[in-house]
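Enquirer: Each chain, written out:
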Amino acid sequence: MQPLAQPPHRFDSAAAVLGSDQLRLDAAPVDYALVAVYFVFVLGIGLMARARVSSSIDFFLSGRSLPAWVTGLAFISANLGAVEIMGMSANGAEYGMPTMHYFWIGAVPAMLFLGVVMMPFYYGSKVRSVPEFMRRRFGTGAHLVNALSFAVAQVLIAGVNLYLLGSIVNVLLGWPLWVSVIVAALIVLSYITLGGLSAAIYNEVLQFFVIVAALLPLTLVGLHRIGGVSGLKDQVTARPDGAEQWHSWPGHELSGFSNNFLSVTGIVLGLGFVLSFGYWTTNFVEVQRALATHSISAARRTPIIGAYPKMFIPFIVVIPGMVAALLIPQIAELKNTGHGDATYNQSLLYLMKEVLPNGLLGVGLAGLLAAFMAGMAANISAFNTVFSYDLWQQYVIKDKPDGYYLTVGRLATVGATAIAIGTAFIAGSFSNMMDYLQTLFSFFNAPLFATFILGMFWKRMTPTAGWVGLVFGTLSAVVVFILNKAEVFHLSGQGSSFVAAGVAFVVDMVLSIAVSMWTAPKPDAELVGLVYSETPKDQLSDPDAATLPWYQRPVLLAGIALVIVIALNIFVG
Amino acid sequence: MLFDIRTIVGSLLGCYGLILVVTALVHDTAADRVRTGGWNINLWAGIGMLVAAAAFLLWVVLRPVRQLTEAEPEPADTEPPAGPSEP
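If you read the protein sequences in the order shown, they are chains V and G. With numbering that gives the first Met the number 0 applied, the first sequence covers 0 to 572. With numbering that gives the first Met the number 0 applied, the second sequence covers 0 to 86.
Be a bit skeptical, because a hint or two may be false.
For each label pair, taking beta carbons as the anchor points, the in silico distance ranges come out as [as the list claims (entries may be wrong)]:
| # | chain 1 | residue 1 | chain 2 | residue 2 | range |
| --- | --- | --- | --- | --- | --- |
| 1 | G | V21 | V | D401 | 48 to 54 Å |
| 2 | G | V60 | V | R23 | 40 to 46 Å |
| 3 | V | V182 | G | G36 | 55 to 61 Å |
Don't read these hints as lab results, they were simulated from the structure. Nothing here was measured: the structure is a model prediction, and the numbers come from that model. All C-beta atoms in this analysis are idealised placements derived from N, C-alpha and C, irrespective of residue type, glycine included.
Same shape as in the complex, but just chain V:
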C-alpha cells in the first residue's frame, strides 16, 4: 500500500527498534492455532483459484467476472494494510478526531468520483491497466513514464511492507526477522502465482473480515476500560488541547496551519482534492479491483460500495489509538511530555497487549499479519499485470499467444517477490532511505490525476503534453519537498505534503495546457472511448443500465454515500 498523504506517523522502523521487550506478547497455543487456521484458508484460496485460471485475463483480471461487493471490499482492503492501520491509530493517539479526515475527506469523495466519473472510461475502453489507458490516450511517452514508475514503486513498497511485517513479528513474538520475511513472502508468492488476481481479491475480502473481527472487540473493550464513549470524551476534553482533539474541524494540529481558514482550506483542497484524488483515481492497485468485475455498472459500484465500510473503518482504527493515548502509560507519557520510550506507532500494539486475552489476541495477530500480507499481495498482483501487459508485451516481446503472457505473469510474480525480499533486507539497514522513497512515490500521484482528468475531458491535449506534464509535475513536487527539508521555508504537520501535491497538480495542468497549444493533438478517431466528447454515450454504460434496481445504480448509491459522509462530518466530527 502507498501512504495516502505521508501521514505524520507513518509506521516505520522506529517502532521495531524501541521497546522490544515491553511489547513481547504472551501468545498461548490457542493464539498460534488461530493464526495457523488463517494461513490454511489463505493457501486454500490460492489452490482453489488455480483451477479457474485458464487465460491471462483470468490471471490478471479475474476473468472480469467478480460481483461488485467482492471487488468493493477488496478495493478498500488493498489499501487497508498494516501500515495504514497502525499509522492511522498512531495519528488517532496523537491528534485525536482530526484523523477522521483521512477517511471522510481524504478517501470517500475521491472514491465516489472514481466510480461516478472516471470508471466508465477505464472499464468502457477495455484497457487492462491504468498505464494502458495512458498509452492509448497519450502514446508511449507518458505510458513509459507511468508504467515504469508504477512498477518500480510497487516492488519497493512490497519490500517495505515485508520488512515491517518481519520487524513486527520479531517484536511481538521474538522470531528472527529473516524467518518471518521469507515465510510471509513465500505464502504471498504461492497464492498469487497459483491463483492470480482472484486469489489476491478473495484473500483481501477474507482479510477485511479478519481485521474487523480483531479490531471491533479491541475497540469495544478499550472503550469499556476507560468508561465508554462518555469516559473517552471526558478524558480527552479534559486535556489542554481537548477541544481540538475531540472535534475533527478545523484540525490545526493535523494540517500545521494555525489559521482556521487556511487549515480548513488546506485539508479540503490539499488532502481532500489533490492528494486523495491523485491516489484513489489513478492508482492501478485500486483500479485493478474494479476492472475485475463483469460490467460497467459493477465496475462503477466497486469504489462506491467500498466507500460505505471506508466511512466506518476509522471508528475501529482511530478510536483505539485515542484510547491507547489515555490507557497506556507509555503512550500517555509520550503525549504529555513529548518524549518517552514508546512511539505513537506502537499504540495499537500496546493496546492489544493491554486489553486482549489469549484467544482474541490470536485473532488480533492474524488480523495484523493478514493486513501486512494483503498489502504486499495487492502491490505484487498489480505489478505483475503492468509488467506483463504494459512493459513485456508492449516493448519487449509482442504477438505471442496468450499462454505465453500468463507464464510471464507467473515468472514476474516470482521475480517481484525476490526483489521485495531483497528490498526488505536493505530496508533493515537503510530505513531512512525507505521512508524517503515512500514519500517520493506519493509524489507521482498528484500530477497523474491532473493528466488523466485533463486528458479525459479535453480532446485537444496532445501526447507530448501527456509526458511533459507528468515528468515536470513530479519534479516540482520533489523540489518543494527538498526545499522544505532544506528549511528554505518551513511547514509543519501535513502542510508540506499538501503544498507539494498542490504545486505538482498546478504545474502539470499549466504545462499540459501550454504544451498542447504548440504540439499536434491525436486525430479524433483515435480518442473514441478515451475522451468524453468523442465517446458515444452508450459506450460509457451497460445496455441494461436503465433496468437496474435502485440498489445497483452507481450514481444513486454514490449520492447516498455522500449524504452519509457529510452527516458524519457534521454530527460526529
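Knowing the structure of chain V, use the given hints to seat chain G on it.
Expert: This is chain G only, laid out in the frame that chain V set:
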C-alpha cells in the same frame, strides 16, 4: 459453491467463533477479566463471529451462485441488497 467467497468467509469466522467460545468456557481467568474490565470478551466475540458466520452461510443457501453455462459465462449474481454486509 466451495469457491464462493461467502462460504470461505463464513467458514473462517465459524472456526474462529468456535475456538473463541471454547477458549472462553475452559480458560476464563481472573487475570483476563482484569484486562477486559470484567467482560468475558472471548465469549461475546466468539458468539458474534458465529452469528456472522451463520449469516454468510445462510446467504449462500438462500442465493446460490447461478450455474455457469459452458459457452458464455454469465456473471455470478451475488449482489447484496446495497451497501456492505458489515462495516
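Enquirer: State for each hint whether it applies.
Expert: Structure-based check of each hint:
no.: 1; hint: V21/G to D401/V: 48 to 54 Å; in the structure: 49 Å, holds
no.: 2; hint: V60/G to R23/V: 40 to 46 Å; in the structure: 44 Å, holds
no.: 3; hint: V182/V to G36/G: 55 to 61 Å; in the structure: 35 Å, violated
In the structure shown, a violation is registered for the earlier hint numbered 3 alone.
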